[in-house]
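Protein chains in written order, with UniProt numbering: chain A, 1 to 192; chain B, 1 to 192.
Keep in mind that the hints were calculated from the coordinates and are not lab data. These figures come from a predicted structure and were not determined experimentally. Ideal Cβ positions, reconstructed from N, Cα and C, are used throughout, including at glycine. Possibly wrong hints are sitting among the right ones.
[To be verified] Simulated coverage check for chain A against chain B, where a stretch passes if three residues somewhere in it have a Cβ under 8 Å from a Cβ of chain B:
| hint | segment |
| --- | --- |
| 1 | 14–25 |
| 2 | 120–134 |
| 3 | 139–147 |
[Said to hold, decoys possible] Pairs of lysine-lysine residues, derived as DSSO-like cross-links and limited to a Cα-Cα distance of at most 30 Å, are as follows:
| hint | chain 1 | residue 1 | chain 2 | residue 2 |
| --- | --- | --- | --- | --- |
| 4 | B | K30 | A | K65 |
| 5 | A | K40 | B | K7 |
| 6 | A | K80 | B | K30 |
| 7 | B | K106 | B | K30 |
| 8 | A | K7 | B | K7 |
| 9 | B | K30 | A | K40 |
| 10 | B | K4 | A | K30 |
| 11 | A | K26 | B | K138 |
| 12 | A | K116 | B | K4 |
| 13 | A | K30 | B | K65 |
| 14 | A | K40 | A | K116 |
| 15 | B | K30 | A | K26 |
| 16 | B | K40 | A | K26 |
| 17 | A | K185 | A | K30 |
| 18 | A | K7 | B | K185 |
| 19 | B | K185 | A | K4 |
| 20 | B | K65 | A | K185 |
| 21 | A | K79 | A | K37 |
| 22 | A | K26 | B | K37 |
| 23 | B | K65 | A | K56 |
| 24 | B | K7 | A | K30 |
| 25 | A | K30 | B | K106 |
| 26 | A | K37 | B | K26 |
| 27 | B | K26 | A | K80 |
| 28 | A | K79 | B | K30 |
Protein chains: 2
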Amino acid sequence: MKDKISKQDAIFYSHKMAQLSKALWKAIEKDWQDWIKPFKLNINEHHILWIAYHLKGASISEISKYGVMHVSTAFNFSKKLEERGLLQFSKRENDKRNTYIELTEKGTDLLEETLKEYEPNNNSVLRGVLPMTEMYGKLPEFLDLSALIKEIYGDEYMEILERSLENIEDETDILENPTHIEAYKSTTSKSS
Amino acid sequence: MKDKISKQDAIFYSHKMAQLSKALWKAIEKDWQDWIKPFKLNINEHHILWIAYHLKGASISEISKYGVMHVSTAFNFSKKLEERGLLQFSKRENDKRNTYIELTEKGTDLLEETLKEYEPNNNSVLRGVLPMTEMYGKLPEFLDLSALIKEIYGDEYMEILERSLENIEDETDILENPTHIEAYKSTTSKSS
Chain A
1 MKDKISKQDA IFYSHKMAQL SKALWKAIEK DWQDWIKPFK LNINEHHILW IAYHLKGASI
61 SEISKYGVMH VSTAFNFSKK LEERGLLQFS KRENDKRNTY IELTEKGTDL LEETLKEYEP
121 NNNSVLRGVL PMTEMYGKLP EFLDLSALIK EIYGDEYMEI LERSLENIED ETDILENPTH
181 IEAYKSTTSK SS
Chain B
1 MKDKISKQDA IFYSHKMAQL SKALWKAIEK DWQDWIKPFK LNINEHHILW IAYHLKGASI
61 SEISKYGVMH VSTAFNFSKK LEERGLLQFS KRENDKRNTY IELTEKGTDL LEETLKEYEP
121 NNNSVLRGVL PMTEMYGKLP EFLDLSALIK EIYGDEYMEI LERSLENIED ETDILENPTH
181 IEAYKSTTSK SS
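With the rest of the complex left out, here is chain A (with noise of 0.2 Å):
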């Protein structure tokens, strides 16, 4: 088909992509508000906390680009978070035309005080790839998504989604050990 496709078949894979793609975002935001609700943060201010702690420090335009959020949403919501003494505003020697923040060392607790209450049994897609994850031996890597982010996105934002991913992998001490996650009840089975 190469790059012409009639129109209806546009809608249609357009359609349910827009469906797959609603409804993964769907749970994985109610997931993520659970989550951090007993720290009093919303979830762009927890986004916010977490790209800044990852990538030790970031301009407000990458915590935009990064948290796929608006930069006017990114700078209010660092905003508060100063004002609740998590984060401080800086200019960098080398780049005065950006603002930086940086975590305070509250800032930091708290941060890592949600990850260790993090909890992979409350995480619908965790428990959502078990059934693949036996069936592959791995957890699966959505190859095909992660290549159309970067179609649309550009390399810059995979290349900021890799640097933090790489910081977390330097961060085991504050986590702990094996959690034993559960599948979801068979619904393509038969009734027992």
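Knowing the structure of chain A, use the given hints to seat chain B on it.
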């Protein structure tokens, strides 16, 4: 790894999925908004019209489930669409407990108008999958993503999705012919 996973790997994995999923949904959401803005509809309203159109009438709870929106959101936006004369509420003889909605002629016309105005070239997903499509010889199917959504939302969700897609296949008459889709400028290759 079966059903054991370290907490660190769990955070690593679910963070990556959260980032990819948020990025995908935000891109789709923006395209969707841009598409239907001229019709003075928001995404929820268009989604309700879409579902009711494709299922040939639907209950508020089907709208809520399939549209991944709260029941009250489904109801309130349906009310607004009713006020604009785009749909009507009803009860069904064999199911007095649920409220059903059905598009009016005006609602059907408006929905079909939006489909006619759909421009595949403005769709990030279609443009983004183009390189994979050329590589695979067909549109990528995102089977892992479908499998994950089926695990989280259950069979019924996927059944409604398939059902509404079957109906799209029957609507050839309102849609025109092959469109050329432009890929993103490659960001992976060198600058010229």
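Okay, the hints, checked on the actual structure:
1. 14–25: holds (count 12)
2. 120–134: With 13 residues closer than 8 Å to chain B, the segment 120–134 of chain A meets the three-residue bar; holds.
3. 139–147: holds (count 7)
4. K30/B <-> K65/A: 15 Å, holds
5. K40/A <-> K7/B: OK: K40/A and K7/B at ~23 Å, within 30 Å.
6. K80/A <-> K30/B: 26 Å, holds
7. K106/B <-> K30/B: 26 Å, holds
8. K7/A <-> K7/B: Judged against 30 Å, a Cα distance of about 45 Å means the pair is violated.
9. K30/B <-> K40/A: Distance of about 29 Å is within 30 Å: holds.
10. K4/B <-> K30/A: Cα-Cα ~23 Å, so holds.
11. K26/A <-> K138/B: OK: K26/A and K138/B at ~28 Å, within 30 Å.
12. K116/A <-> K4/B: Since the Cα atoms of K116/A and K4/B sit roughly 18 Å apart, the hinted pair holds (cutoff 30 Å).
13. K30/A <-> K65/B: Holds. K30/A to K65/B sits at ~15 Å (cutoff 30 Å).
14. K40/A <-> K116/A: 16 Å, holds
15. K30/B <-> K26/A: 16 Å, holds
16. K40/B <-> K26/A: Given pair K40/B, K26/A holds - Cα atoms ~24 Å apart, limit 30 Å.
17. K185/A <-> K30/A: Answer holds: K185/A to K30/A is near 20 Å, not above 30 Å.
18. K7/A <-> K185/B: 22 Å, holds
19. K185/B <-> K4/A: 17 Å, holds
20. K65/B <-> K185/A: 19 Å, holds
21. K79/A <-> K37/A: 19 Å, holds
22. K26/A <-> K37/B: 23 Å, holds
23. K65/B <-> K56/A: At roughly 40 Å apart (the allowed maximum being 30 Å), K56/A and K65/B break the hint.
24. K7/B <-> K30/A: The hint holds at about 20 Å.
25. K30/A <-> K106/B: 36 Å, violated
26. K37/A <-> K26/B: The given pair, whose Cα atoms are some 23 Å apart, holds under the 30 Å limit.
27. K26/B <-> K80/A: 23 Å, holds
28. K79/A <-> K30/B: 26 Å, holds
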